[in-house]
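Now for the letters of each chain:
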Amino acid sequence: MTQAKRRSTSRKPLIRIALAFIAGLGLLNSALSAEDPTAQARSARLRPNFEGSWEKDFGRSDKWEVEVQRTIDQLNREMERSQGRGDGGSIGISGSRRGAGNLISHARLAELITRQTTMRIVQTDAEVRIERPGDAALICGTKSSEEDSFNSPHGKEYCGWDRQQLVFQISLTDGVLIEHRFSVDPSGESLSMLTSVSSRNSLPFNLISFYNAYDAPEDGIHCVQTLSRGRVCSARSPEDTAR
Amino acid sequence: MSTLSNWHRSCVCASLALLIAACAAAPEPAHSGPPPVGTVSLLTSANPPAQAQAFDIGVLVFASVAGDEEITRTGAEIFSQIRKTETQYLPVALRITLAASNQWGVVRVLPDADPSLDLTIEGTILRSNGSDLVLHIRAVDSTGGVWLERDYADTARVADYPDAAPMLLDRGLTFGADPFQDIYMAIANDLLAVRQGLTQAALDGIHNVSKLRYASDLSPEAFSRYLAEDEQGLLSATRLPASNDPLLRNVADIRARNEIFIDTIDEYYEALYQDLKSIYDIWRQYSFEQVSEERNSLERARSGNTNSGSFEAISQNYNRYKWSKIFEQEFVALASGFVSETAPAVLELSRNVNGLSGPVEEQYAQWRVLLRSLFEIETEGLNSTPSLSTP
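Going down the list, the protein sequences come from chains A and B. Residue numbers for the first sequence follow my numbering, beginning at 125 and rising by one. Residue numbers for the second sequence follow my numbering, beginning at 140 and rising by one.
You can trust all of the hints, since none of them are fake.
In the DSS-like style, the derived pairs of lysine-lysine whose C-alpha atoms are separated by at most 25 Å in a straight line are:
| hint | chain 1 | residue 1 | chain 2 | residue 2 |
| --- | --- | --- | --- | --- |
| 1 | B | K416 | B | K223 |
| 2 | B | K461 | A | K280 |
| 3 | A | K180 | B | K461 |
| 4 | A | K280 | A | K267 |
| 5 | A | K187 | B | K461 |
The hints are simulated quantities; they were obtained by calculation from the structure and are not laboratory data.
Pulled out of the complex, with its shape left as it was, chain B reads as follows:
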């Protein structure tokens, strides 16, 4: 019995050993994804948009998906911290581009969806290094209508980075344009194309639903009946409260306070972006050089025609391996330097404000609860069933 059990154990061990050997020999998966957006020009407007087109936009803090390569690589934990910082940094780059187009209302970066907004943009970082940026973008208006749902990719070129070695750059010197500026401009232009395709009634409908959604969020019992949901889950305003409705006036007051708060939240993200920009630019240039070196090294390995099995061939191969490892270890050290240098700015984002505590996401949630309580206090004694008018 004992012998049989040992034999079984040996088989299991041998199978495991074979499995490990098979995994070691498996080829690396090729990177696939959408084609790069190429060179894009941002469609700007000389004048601010008309009231009906001036949608307030919320760009939410991005999510991220780590590929196998990122999970298993050396220093994976450090790289995941960098990715977390990028989820707060990259939305600001998109917000700056949208604001620069002069085609929209107020554009803010927020930790979570806000019912007062006309359009909400969610992003997921699928791939990010100094050479490639791949984002999944989903833009949804207040009625639930999906404007965009697709992957965007951009590739940086040597010309996107300065010639000087990053280490020698002055901390205060910024690089200017983002190497992936095209991706943000492509997203902005696509959003504009969707808005330009909407009728006046659709534009008004989105504005009305935004107002009612916010009111309904504060007082569902008073305002939810103004909204109807169709079979596709899209919201529409069935009718509007009277313009002199006192409850609606209270909603407008609370909304004004909410806007001040979300402006402040947005300023935190802007401050984080400004604090990180110079260091992040340097980081991306290092990352670009690391990716380029890896590709060039592979190319050299493929084109090498040294006699296979000779000492020259195997020592060259070992040296390629050795240098790729040395380079990777230095890159991990730099990544660690990036994390420690950016830590103060990231902490600043989460410091206590106005009696609220915890990370910025929690402060935002606490604020929403506070506003609801405030609304209830201020509307005590008012008729909870406002008078009606047709939209």
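This is chain A alone, in the form it adopts within the complex:
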């Protein structure tokens, strides 16, 4: 657990307000530039490049059990402080206990949805597509600052850009909110994904996973989805591979 992350947890309300403000500014900016395709194309070009194959760096990534313990310790300290001050009384304590109860569920969910050891990201001028084995792809356009990227009776997904970070927010029907925040370092060799799971009246549980770029072997096969014949694959020509 890094010092920076500890600081980020304790300043969460402030950061949330700042993020809402930044998101609002981004929205205002996108509304102003909605009529200007040149501005959209320019902003698309300025996006960081996430393209490539990525494998998890277990050494640098958070371990969920350690994070749960750290968060519980923090909760205990807060409870002790509030008891010592005599403010909040039993309401504060029970609220914290309830938060701790959900915390375990949230932590396990965060672990479940970040289990993938590899990711493949395809980025074009129009969109970023993050393919994760065993889960649905996360897809976001590069042009607008915020968009409704998926909507179903089981939940909604929004995605957008917060400066150089690509953010996906998934709100499930039971009130659970999942956020994935991707950023890539300037060298393009390392990528981080901050996954946050929260719900009403509970503390968010954060888990950071780091990924390193690696050269995935070319499969040499080009596949096209057809309706009548299913997925039709053919060997790539040397020109395609070179391209």
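Starting from the known structure of chain A, arrange chain B on it as the hints suggest.
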């Protein structure tokens, strides 16, 4: 001043954020519409209709209205291309049903209204997937009389689709009956009921107005005075040109050529229908499975009684969300496969014919202009005021 301006900006941003949050929490609207037509039997005739009842029908290429759900869904652009193909495909299904009833004259699919027709049917696709089809149908005769103006709905059942997985079906194998055949039969039967309610004079009136409307379209100065419009906008024939009128003979010649052309146009739509049928049937079965899966998944979510807030409950919820998204993404990939596989047939419909160019709609408009010019050339030197007779 700067602080105040920042404060205002913060308020605007906060309001926008709240608005977004409110929109995210808004419930999905329930689908409403007309009741399904149910099981319908087509009223057929063993013998061709009598001359007076043999109305020539034009089924125009349908329009479509995309619901919010279709505009905002993933892959909306691909689905709008599919809907565009359906606007050309579904009218042929209705045309086939009308022709199969043996109750009418010639039934054709056309890109635009043609003044030579006795009855014109316009349709709008309000909803179309493998499970539901909702159409708005308006049928108007040549006098302007409205025969039908209503919404029709039909719902497919599991039994309407074959048991085999669509992917395994041979491309050449067609499914047979359309899962929404009932909707076309209901429309055909309703049209027949209207025609059966007309008197002989009304039937003759429609035929006469059709002929005069066509003649008037070619030469308004010579023929428009034979038509009168009442206060409701309905046309009637005030009198008829003499049967030996040379201008009328020219009109009949041009009309015969026009019929050959609109028959050819109709054949293009028929060819498109035949080319697409097998692939469209597969597409509809996938769509049916997608809609069914979505409904079943919702049902399972409602009936789930896992302890709320527990890991089991929230992971189940996440898995439902995840699978609905995976399914939707696969469905978008299939939709993309449908568009790329049907593209050659759609292009074929718009290829150049007889020196005319552009999409079939433009060719049709060009042809109408050509016929008018031809009529003018052929009638040069003829008396532009034909002799009269009473109807």
